[in-house]
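J.: In order, the protein sequences belong to chains A and B.
In this text, residue positions in the first sequence follow the working numbering: the first is 1, and each later residue adds one.
In this text, residue positions in the second sequence follow the working numbering: the first is 1, and each later residue adds one.
Wrong hints could be hidden among the right ones.
Below, in silico cross-link-like pairs of lysine-lysine (DSS-like), each with a Cα-Cα straight-line distance of 30 Å or less [unchecked claim]:
1. B:K243 <-> B:K222
2. A:K173 <-> B:K147
3. A:K30 <-> A:K256
4. B:K204 <-> A:K173
5. A:K256 <-> A:K240
6. B:K147 <-> B:K222
Label-pair distances were calculated between CB atoms; the ranges are [claimed, not checked]:
7. A:R185 <-> B:M1: 29 to 39 Å
8. B:H16 <-> A:Q122: 36 to 46 Å
9. A:A264 <-> B:E103: 32 to 42 Å
10. A:I25 <-> B:D52: 52 to 62 Å
11. A:V29 <-> B:D113: 42 to 52 Å
12. B:S129 <-> A:A113: 36 to 46 Å
13. B:S100 <-> A:I130: 49 to 59 Å
What the hints contain is simulated information worked out from the structure, not anything from laboratory work.
Nothing here was measured: the structure is a model prediction, and the numbers come from that model.
Glycine included, each C-beta is placed from N, C-alpha and C at the ideal position.
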Amino acid sequence: MAEIAAPAQAQGERRAGSSSGAFPIAPGVKWALGLFLPLGLALGWELAVRAGLAEGRLMPPPSRIAETLYALARSGELWTHAWATLWRVAVGFAIGAASGILLGALSGTSEAARRLLDPTLQALRAIPSIAWVPLFILWFGIFEASKVALIAVGTFFPVYLGVAGAILSVDRKLVEVGRIFRLSRLDLARRILLPAVLPELLVSLRSGLGLGFMFVVAAEFMGASEGLGYLLVDGQQLGKPDQILAAIIAFAVMGKAADSLLVAATRPLVRWQDVARERL
Amino acid sequence: MLELARLSKTYADGTHALADITLEVRESEIVSLVGGSGCGKTTLLRLIAGLDRPSSGEIRLDGERLTEPNPSVGIVFQEPRLLPWLSVADNVGFGLSALSGGERRARVAHALDRVGLSEHAGRWPRELSGGQQQRVAIARAFVTEPKLLLLDEPFSALDAFTRASLHEHLLGLWDESRPTVLLVTHDVQEAVTLADRAVVMQPKPGRIFDEQPLRLARPRDKLSPGFESATRRLLSTLDNSLKPAHLAKAERGREAAALWW
Ligand SMILES: Nc1ncnc2c1ncn2[C@@H]1O[C@H](COP(=O)(O)OP(=O)(O)O)[C@@H](O)[C@H]1O
Ligand SMILES: [Mg+2]
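Construct the complete structure from the given sequences, taking the supplied hints into account.
T.: Right, here's the structure in full:
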């Protein structure tokens with residue numbers, strides 16, 4: 001999920017002529033290099049199908065996927081499905097992340113709460129989240145509630161673990177600075193703990209969001225009449241690989257966009273950080 | 001006046017870090033604690049700062065008993081311990097949140113000026129060198145105008161040149177409000193440069209071995225004969241403190257005898 005970046009780039013430093021590796025790459029080309037492989041493959045496949053060298057029925061050429069995507073967008077179907085999926089992820093993520101932050105903060109700051117909560121939560125975490133689906137369907141029905149619940153559960157654990165772990169590993173030396181200036185418990189949390197855990201909190205929110213997108217597919221597989229996951233199942237049942245690939249591309253775009261939005265929205269909060277900034 | 005009365009500290013793991021420390025430091029006096037590593041210097045400062053509790057004994061500042069962090073006591077740690085998410089100016093003003101914005105800004109600006117970092121006020125700590133970071137830490141401690149300032153080897157990680165310039169910044173700041181200063185160092189020359197008195201400590205358990213007044217005129221000239229002889233005397237006391245107890249005692253006995261004759 002994280003991009004690989006050389007440390008020097010991560011700090012935003014551009015030392016003249018320095019580039020990682022033995023063969024320096026011109027700056028303009030660097031970006032294009034990552035596109036080379038996917039575009040090359042797509043073009044190759046397109047040409048192979050056009051030339052009659054390959055059949056392209058199960059693996060449709062890019063032009064056909066684009067056509068399908070365009071048709072879905074024109075008819076408005078794409079937006080209905082994308083919106084349904086996005087809504088589920090957003091609500092599930094909000095519930096899962098909020099409860100993960102709350103319980104993680106409790107567990108990280110109070111030993112009593114940790115001893116009370118952590119063993120149970122760790123045990124629950126050992127259950128593969130998908131295993132809850134039948135139960136959730138019995139409890140919440142087959143409509144939105146059970147899907148949102150699954151996504152919330154999937155998001156909860158990385159956030160809970162990230163927050164609790166981050167609070168526990170806050171540098172004792174910085175906490176002592178707070179004690180020297182006689183901060184109240186609330187001020188200590190606000191002025192020292194919160195900013196100290198923020199970078200790790202954002203990392204865990206990002207992995208929670210990624211899992212949210214993973215679980216929305218699972219949830220929509222279980223029976224849905226709309227959503228990108230439904231498009232996948234529908235494409236499989238009707239033998240329309242171009243529709244499946246169109247839905248996959250829509251997922252990729254949406255997932256990346258949501259992730260970038262989260263990063264962009266939270267970047268000002270962690271401007272002070274140099275190490276984790278690019279990793280975030 | 002700072003009074004330490006029969007202060008002892010035994011850590012939870014049984015380490016006997018300090019035994020029976022009794023010491024008085026006059027108002028505005030600069031006392032240097034000198035000793036090898038592990039003789040309890042950091043432990044002693046942490047007890048005075050209220051970060052740890054003594055196993056027995058008591059600490060008084062102007063008659064008031066200290067048991068927890070106190071607004072009249074400031075500390076500079078061995079590392080700068082700046083908060084990486086605050087700008088340099090906000091780090092310096094961290095302890096001033098009770099003041100109004102205007103007064104806080106004025107005091108921070110003044111303190112930054114005194115340590116020569118005015119033009120770095122808006123930068124992040126990570127953008128400063130080690131010596132600059134330590135100056136920010138010193139400014140942060142001074143800006144609250146404590147009556148007692150504790151410094152735990154604040155310059156030990158710096159090169160000799162940076163250290164000398166920080167000594168001047170420190171004395172400049174001290175001259176403004178003249179707090180009582182307890183400065184831990186393992187550098188004899190640093191003690192002689194800064195202190196009115198050096199207290200030599202000895203390990204296992206940490207205790208006071210000897211003390212030596214340093215009555216040299218300020219500003220001190222490192223090349224003057226008085227400076228050199230004070231440095232040499234302190235070095236030899238420090239050497240003795242590191243010898244096994246019975247040897248040191250015998251030698252002190254001989255010295256006393258020699259003086260008597
Ligand atoms: N938190 C602690 N728990 C147990 N032992 C400690 C702790 N802190 C320091 N000590 C021990 O106490 C002794 C004095 O340590 P310290 O005060 O750090 O010495 P100094 O600062 O003079 O080098 C050492 O033997 C050290 O190992
Ligand atoms: Mg120490």
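J.: Check the structure against each numbered hint from earlier and tell me which ones fail, lowest number first.
T.: Nothing - there is no hint that the structure violates, so all of them hold.
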